[in-house]
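Q: Chain by chain, the residues run as shown.
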Amino acid sequence: MAEEVLTGGRKKDRCVTGIDALDNILDGGIPRGNTVLVTGSVGTGKTTLCMEFLVHGALGGENCLFISVTESCDRLMDNIIPYEFFDEKLIKEGKLVFVDMPVIYAQLGLEELEFEMEEVDVLIDALSDIVTELQTKRLVIDSITSVCYRLRTQEKIREFILKLGAVLSAQGCTSLLVSEISPAEERYSLFGVEEAIADGIIFMGNLERRGDLLRTLQVVKMRGTMHSRAKYVLDLTHCGVLLVPLLKGGSVAGGA
Amino acid sequence: MSVSVRVAQRLESLPESSAIALRIRADNYFDTIRGILDSFAPSKNLDSIYVTSTIPSQSIVNALEVLEVDLERIYFVDCVSQFMMGASSKHKNAIYVESPTMLENVMLKVEYLIRKTIDHNDLVILDSINSLAIHNSTSILSEFLHMFVNNLRSKNAYAIIFSMEEYESDDIRNILNLVCDETISAAEV
Chain A
1 MAEEVLTGGR KKDRCVTGID ALDNILDGGI PRGNTVLVTG SVGTGKTTLC
51 MEFLVHGALG GENCLFISVT ESCDRLMDNI IPYEFFDEKL IKEGKLVFVD
101 MPVIYAQLGL EELEFEMEEV DVLIDALSDI VTELQTKRLV IDSITSVCYR
151 LRTQEKIREF ILKLGAVLSA QGCTSLLVSE ISPAEERYSL FGVEEAIADG
201 IIFMGNLERR GDLLRTLQVV KMRGTMHSRA KYVLDLTHCG VLLVPLLKGG
251 SVAGGA
Chain B
1 MSVSVRVAQR LESLPESSAI ALRIRADNYF DTIRGILDSF APSKNLDSIY
51 VTSTIPSQSI VNALEVLEVD LERIYFVDCV SQFMMGASSK HKNAIYVESP
101 TMLENVMLKV EYLIRKTIDH NDLVILDSIN SLAIHNSTSI LSEFLHMFVN
151 NLRSKNAYAI IFSMEEYESD DIRNILNLVC DETISAAEV
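Chains as they are written, first to last, in this note's numbering: chain A, 1 to 256; chain B, 1 to 189.
Some hints here could point you the wrong way.
[As the list claims (entries may be wrong)] Heads up, simulated DSBU-like pairs for lysine-lysine below, C-alpha to C-alpha not over 30 Å straight-line:
hint: 1; chain 1: A; residue 1: Lys89; chain 2: B; residue 2: Lys116
hint: 2; chain 1: B; residue 1: Lys155; chain 2: A; residue 2: Lys248
hint: 3; chain 1: B; residue 1: Lys116; chain 2: A; residue 2: Lys95
hint: 4; chain 1: B; residue 1: Lys155; chain 2: A; residue 2: Lys231
hint: 5; chain 1: B; residue 1: Lys155; chain 2: A; residue 2: Lys11
hint: 6; chain 1: A; residue 1: Lys248; chain 2: B; residue 2: Lys116
hint: 7; chain 1: A; residue 1: Lys231; chain 2: B; residue 2: Lys116
[What the hints assert, rightly or not] So the derived list for chain A, only partly shown, Cβ under 7 Å to chain B, looks like this:
hint: 8; residue: Val233
hint: 9; residue: Asp235
hint: 10; residue: Thr237
hint: 11; residue: Leu242
hint: 12; residue: Leu247
Read the hints as simulated data drawn from the structure, not as lab findings. A virtual CB, placed ideally from N, CA and C, is assigned to each residue, including glycine.
Taking the hints into account, I'd like the entire structure generated from these sequences.
A: Structure below.
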């Protein structure tokens, strides 16, 4: 009751990411069923963060699914950080499943470089069926930007993300959609639509300070929870993603 | 009684998880380190995390080997070697921060080592505030130490911050007074 008074109502059920500092930032985790954009330029740790989110979920008994769009899952696994808490059994027992999006495209006969609206619906239905069949509770699509390249128009992108978010949320699936942007980008997604529709935005960046390059993370938006909007510095380690607050004394006015 | 024994005894008399400013001089530098790592830490069954921004970790390892200090439970966060384009031979217990200006990364590496040594409480040595002050402004250094010490406190770790008496400024003394529970002078214990 006291907590309800403090938070202004009932606290939504949380999907605990397992990344301690991120769960603290999010006041306990991502509200379950949210569709979150994990956005940033290359080398900022987006895929690693998402992978850890899934591994912790699988370790906790949830069915987790990684859909890789940009590179094959085999190649992805070769380059992933060997977590100390990772257990091969998670894959063998089907708690952690990897699927290549091009395989889904091929099975659906989606071979054109640009999808029509009907094809967008076919793709959403297919993804929904996979999530239903696998009883997926955590999903990562890496990257949604690559899918959006095939949708081309803002209307189709909006439709795709809205419908996808709705079907995933209805199944209690918490999703991270990886969004790739260039370092100079002044928005959180390439097409500008994704960021407006997503329930949350986790922005990962590179901050240059006096010649040092720091990896940073900032939760810009997260529906359904109070959260910190401060910038944190992160490290990708065998123990998982670690975060500490960015020291303000060294930041530059107008800096990233 | 030697400096190393006196320093160890003084530290043992302090409450658990204290934050200590340890004022040392060049002539008692290695005796003090020996007292902490060879007497105090084993007596409390602590793993030691040694953050060095003064001299490369390999130089400290070499000195500790000469002093026959057991290195098994001593880990290093080395902020000097990469910065100086050194560290061609890397000690198995050392991890590296690119530059002493990357204070957030110092905290992250310490956090990583604390997680790696989860079975025991930790002792974290910061050697030294004076060398960090060469590379960082007073404002960011104060912020860093405030966060660093409180974070260690929350993890029940001892924090020992070295300050070289010969290079102490008023700013440094003020920062240490603010964040530490106790100030000890190695020459006077």
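Q: Compare the structure with each hint and give your call.
A: Now the hints, each set against the structure:
no.	hint	result
1	A/Lys89 to B/Lys116	holds (23 Å)
2	B/Lys155 to A/Lys248	holds (23 Å)
3	B/Lys116 to A/Lys95	holds (26 Å)
4	B/Lys155 to A/Lys231	holds (23 Å)
5	B/Lys155 to A/Lys11	holds (28 Å)
6	A/Lys248 to B/Lys116	holds (28 Å)
7	A/Lys231 to B/Lys116	holds (25 Å)
8	Val233	holds (4 Å)
9	Asp235	holds (4 Å)
10	Thr237	holds (5 Å)
11	Leu242	holds (5 Å)
12	Leu247	holds (5 Å)
Hint compliance for this structure: every hint is met.
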